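Colleague: Use these hints to put chain B onto chain A, whose structure you have.
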Amino acid sequence: MKLITKWLFAPGAPCRLGWARLIFFTALFVMQIRIDGAAWADVPTVFWRPIQLFTRHFDPAWLSRAWLEPLRIAMLAALICAAIGFRTKLATGVGAVLLLFFAGLPQNFGKVNHDDAILTFVAFAFFASHCGRVLSVDAWLARRRGDVSMQLSPEEAGWPLRLIHILWALVFFAAGFAKLTRSGLEWAFSDNMRTMLLQHHFHHLPPTSLGLLLADARSLAPWVGAASIFLELSAPLALLGRSWSLVIVGGLFSMQLAIFLTMGVLFEPFFAIYLMWLPYGRAKLT
Amino acid sequence: MSSARRKALCLLFAAFCLTPVFMMLQHRERWPFSDYHMYSNIAEPQFEYCLVIGETTDGAIVDLTFGKHWPPFEPIRLTVTLRRFHLSEGEDAADRQKLVPAMGYLRDLYVRQRDERTWTGPALRRLGLCHGRVDLAAPGLVVDRLAPCRPIADAWVDVVAANL
Numbered sequence: 099m100k101l102i103t104k105w106l107f108a109p110g111a112p113c114r115l116g117w118a119r120l121i122f123f124t125a126l127f128v129m130q131i132r133i134d135g136a137a138w139a140d141v142p143t144v145f146w147r148p149i150q151l152f153t154r155h156f157d158p159a160w161l162s163r164a165w166l167e168p169l170r171i172a173m174l175a176a177l178i179c180a181a182i183g184f185r186t187k188l189a190t191g192v193g194a195v196l197l198l199f200f201a202g203l204p205q206n207f208g209k210v211n212h213d214d215a216i217l218t219f220v221a222f223a224f225f226a227s228h229c230g231r232v233l234s235v236d237a238w239l240a241r242r243r244g245d246v247s248m249q250l251s252p253e254e255a256g257w258p259l260r261l262i263h264i265l266w267a268l269v270f271f272a273a274g275f276a277k278l279t280r281s282g283l284e285w286a287f288s289d290n291m292r293t294m295l296l297q298h299h300f301h302h303l304p305p306t307s308l309g310l311l312l313a314d315a316r317s318l319a320p321w322v323g324a325a326s327i328f329l330e331l332s333a334p335l336a337l338l339g340r341s342w343s344l345v346i347v348g349g350l351f352s353m354q355l356a357i358f359l360t361m362g363v364l365f366e367p368f369f370a371i372y373l374m375w376l377p378y379g380r381a382k383l384t
Numbered sequence: 002m003s004s005a006r007r008k009a010l011c012l013l014f015a016a017f018c019l020t021p022v023f024m025m026l027q028h029r030e031r032w033p034f035s036d037y038h039m040y041s042n043i044a045e046p047q048f049e050y051c052l053v054i055g056e057t058t059d060g061a062i063v064d065l066t067f068g069k070h071w072p073p074f075e076p077i078r079l080t081v082t083l084r085r086f087h088l089s090e091g092e093d094a095a096d097r098q099k100l101v102p103a104m105g106y107l108r109d110l111y112v113r114q115r116d117e118r119t120w121t122g123p124a125l126r127r128l129g130l131c132h133g134r135v136d137l138a139a140p141g142l143v144v145d146r147l148a149p150c151r152p153i154a155d156a157w158v159d160v161v162a163a164n165l
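Each protein sequence line maps, in turn, to chains A and B.
Here the first sequence is numbered in the working numbering, starting from 99 and rising by one per residue.
Here the second sequence is numbered in the working numbering, starting from 2 and rising by one per residue.
The shape of chain B in the complex, shown without the other chains:
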C-alpha cells in the first residue's frame, strides 16, 4: 500500500468515525449521521398515538395501520406524520391543513389497490384517522390498541365518492 493511499484511507477513517463521535458529543443529527438518541428519553406513562382506520361496508371500524397497506410508507412513518398534522399548532398550525389531502392520498391508494386487486384488507366505505390518549398508570388498563382511539371527525374520507 502506497503512503498516499494510506493517508487517503486515514482521512476516510477520520471522516467516517470522527463525524459520528462529534454528533454524539454534540447531541446532533444530520442524516446519514446521528447521535442515535432514539428511545433515550424517559418514556411518559401518558402518551398519544394515531392509527389509520377504515369503516368497512358492513359498518365495522378496523385498524389499517399495520401490514403493507400504504406503500411506500412504513406504518410508523405514516402514523407519526399524520399525528403531527393532526396535533400541529402554533408556528406549525398550517400543517393541520395537510391532514385532509394526506387522507385523500391514502383513499386514492386504497382505490388503486382495490381496483388492481392487490388490496389485502376488507372492502371499505370510508377511511379515517383515530387519535388515542392512554395513561398507563390508570387503574384497570387494558392493552387494546383500538379501544382508546377516537376517530378524528374531519379526517374521514369517503371511498364511495372515489368509486364514481
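If we strip away everything but chain A, and leave its shape as in the complex, we get:
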C-alpha cells in the first residue's frame, strides 16, 4: 500500500499540470460549443428512456430551452475560465458538474454511449487538484498581490495526471477484458472482425473503403483483431514509464484512428485524453 501511495503521489512538473488543464478544458470547450445541448428540450418524450442517474433525480418535463440554454452558456463560460485558470476551483467544479449533466442528458434518448463519460471524470480530477496555481490568471493575480501561498508543490502536481492516465488505461483494459471474457479468442480468430467491418458499411458511414479491403484480406483480419485485444489489455503498462506509454498510447491512438477510417466509429472524446499524455512542460521540478 505504501508503495502504491508513493507512486500515486510521486512528484510531477507543476507546469505540466498547468498545460494539461489549459489544453484539456480548451479541447472540451471546442467540443461542447459545437453541440447544441439545449436542443434536447425540443425532442419529444417518446424518445425518453432514462438512465439511472436521471431516473431518480430528473423529470423530463423540466427540459426546456429556457433553462437549458443558460446552463449551457454557464458550462461554456466555466470551461473557458477553467482553461485560462480564472477562478479555477469554481470554474472546474461548475464545469465538471454541468459537463456531467450535458454529457449524461443525451444518454436518456434511446442509446447509451460511454465514450464521453471519461471526460467528466477527468474534469472532476482537475477540480480536486490545485491546477489553478500554475499557468493561470489566478497565479498571475496572486503574484501581483505578492501572495506566495498559490505556489504548486511537485507532490500536488503529479497525482492529477496519474489519475487521468489510470482512468484512461482502465477504459481500454475493460474493453479488452470484456472481449476476452464474453467471446474468448474467437473474437479475434474467427470471421468476427470481417463481419464487423462489413456490417459497419451498412449501418455506419466509414470515411474510406479500407474496411472493405481489410475484410477481403481474410487471413489478415484475425491478426488485426488479436492485436486490438492485446493492445487493449496492455493499456495499464503505459503507466510504467515514458517508453512504455509511447508504444502503448501511440498504438491505441492508431487503433482508434483505424476504427474510424475502417468502420466510421469516431471516439472524439478520447482525443482530448490523448493530449494528457503529451510531454509538454517537461520542466525541472522546482
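Mixed in with the good hints there might be a few duds.
Computed beta-carbon distance windows for the label pairs [said to hold, decoys possible]:
{"#": "1", "chain 1": "B", "residue 1": "R97", "chain 2": "A", "residue 2": "L310", "range": "30 to 36 Å"}
{"#": "2", "chain 1": "A", "residue 1": "A108", "chain 2": "B", "residue 2": "A139", "range": "53 to 59 Å"}
{"#": "3", "chain 1": "B", "residue 1": "G68", "chain 2": "A", "residue 2": "P109", "range": "34 to 40 Å"}
Taking lysine-lysine pairs in the BS3-like style, the calculated list, with each CA pair at most 27 Å apart, reads [what the hints assert, rightly or not]:
{"#": "4", "chain 1": "A", "residue 1": "K209", "chain 2": "A", "residue 2": "K104"}
{"#": "5", "chain 1": "B", "residue 1": "K8", "chain 2": "A", "residue 2": "K100"}
{"#": "6", "chain 1": "A", "residue 1": "K104", "chain 2": "B", "residue 2": "K69"}
{"#": "7", "chain 1": "A", "residue 1": "K187", "chain 2": "B", "residue 2": "K69"}
{"#": "8", "chain 1": "A", "residue 1": "K209", "chain 2": "B", "residue 2": "K69"}
Hints in this document: simulated from the structure, not taken from any laboratory.
The structure displayed is predicted, hence computed values, not measured ones.
C-beta: ideal position from N, C-alpha, C; glycine also.
Modeller: Using the frame of chain A, we list chain B on its own:
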C-alpha cells in the same frame, strides 16, 4: 500535502478506479461507469438495421441518416432508437406506437430547417424509415446500404401536409 488531503485523495482514487474495476468484473454498466463491453460479442453475419430515408420531390429515395440532418441526435443514436421502436414486441410492444410521433418529430425538424434555409439535403415530399436485413454469408453480396433496405409502410410521414 497534509495527511487529511492525502487521505481524501486516496478516497478519490479508490472511487474513480475501483468502481470501474467492479463494473468490469460484474459485467455491469451504470452511466458514467461502464464495463466497456461494446463490440465484445461475436458479430453475427445476419443482421438488421434501419435508415432514415426521404422521397424527394422528383420521386427519388435518398438516405438521410448521415450528415448533420437531425440535431441533436447523432445518426446512430437516432437509427438505433427508431429500429427499437419498429421491432419492439412482447413487453415493449407499446414502443411500436412511438414510431409515428418520432417520425413526426423528424418531419417537423426537416420543415424547420428547410424554412430557416439550414437544411443541407434535397427537397423532400415525404420522410420515412427503411429496414434492412443482410446475410453477409450469402453469395454475391454487394455492399450497398440502401439496396436491401425496405421502406416501413406506416413510418412514412408526409412533408406536404406540413407545408400547409
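Colleague: Hint by hint, say whether it matches the structure.
Modeller: Structure-based check of all given hints:
no. : hint                          : verdict
1   : B:R97 <-> A:L310: 30 to 36 Å  : 35 Å, holds
2   : A:A108 <-> B:A139: 53 to 59 Å : 57 Å, holds
3   : B:G68 <-> A:P109: 34 to 40 Å  : 49 Å, violated
4   : A:K209 <-> A:K104             : 41 Å, violated
5   : B:K8 <-> A:K100               : 12 Å, holds
6   : A:K104 <-> B:K69              : 48 Å, violated
7   : A:K187 <-> B:K69              : 36 Å, violated
8   : A:K209 <-> B:K69              : 18 Å, holds
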